[in-house]
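The opening residue of the sequence shown carries number 1 in UniProt numbering; numbering runs sequentially from there.
Take the hints with a grain of salt, since some may be wrong.
For lysine-lysine, the following DSBU-like pairs were computed, each having C-alpha atoms within a straight-line distance of at most 35 Å [claimed, not checked]:
1. K180 / K47
2. K86 / K66
3. K74 / K88
4. K66 / K131
5. K75 / K47
6. K75 / K86
7. K66 / K180
8. K75 / K61
9. K61 / K74
10. K159 / K131
11. K75 / K88
12. K180 / K61
13. K47 / K159
14. K86 / K47
15. K180 / K159
Derived by calculation from the structure, the hints in this document are not laboratory data.
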Amino acid sequence: MELSLFHHQHHPMMFLNCPISLTICGVYACDVAGAVSTSRRALRGAKIPESDYTTLPNGLKYYDLKVGNGAEAKKGSRVAIHYVAKWKGITFMTSRQGMGVGGGTADENMLESLQPYGFDVGQSERGTVLKGLDLGVEGMRVGGQRLLIVPPELAYGSKGVQEIPPNSTIELDIELLSIKQSPFGTPVKIVEG
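Turn these sequences into a full structure, and let the hints guide you.
This is the structure we're talking about:
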């Protein structure tokens, strides 16, 4: 069995203009004018207190690192995301995992690493995407970046998967890249006769 963030899926799942020196989470770089530059990577690496997250009734917790200004992800939307999945702070799956590895040329490896993961919002009951990811993307806007704390019942549940033990909470770091209306629309029941 292949470890996958997506069930039954074959997927490999600031610049601050400030006159003073600022330190954000101990990571900073000053330019000649004294402005401070922090990367999203530095901000994402910072531990956001769980009390700063919004908790939904189903137990899913989210924190918006950046609210996007594009279209909003709703049920029926086809979304493209980049993600990093962690368990106890250790990355076990990412949409960029192919970067720099594999038998292809450097250009082929770069193209593979830049492939976002796409799915239809509201289709987690089909078993193709984790319910916590599906619910966590809903309501995001294109360009947004969100951290999720996914409880076991919205992740791998009581079964776990490979190195992820049963009843484990996982963390997802997601970036919503694009949205379009699903080409599949609403499933249609075919009646033979």
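Violated hints, by number in ascending order, as checked against the structure:
none
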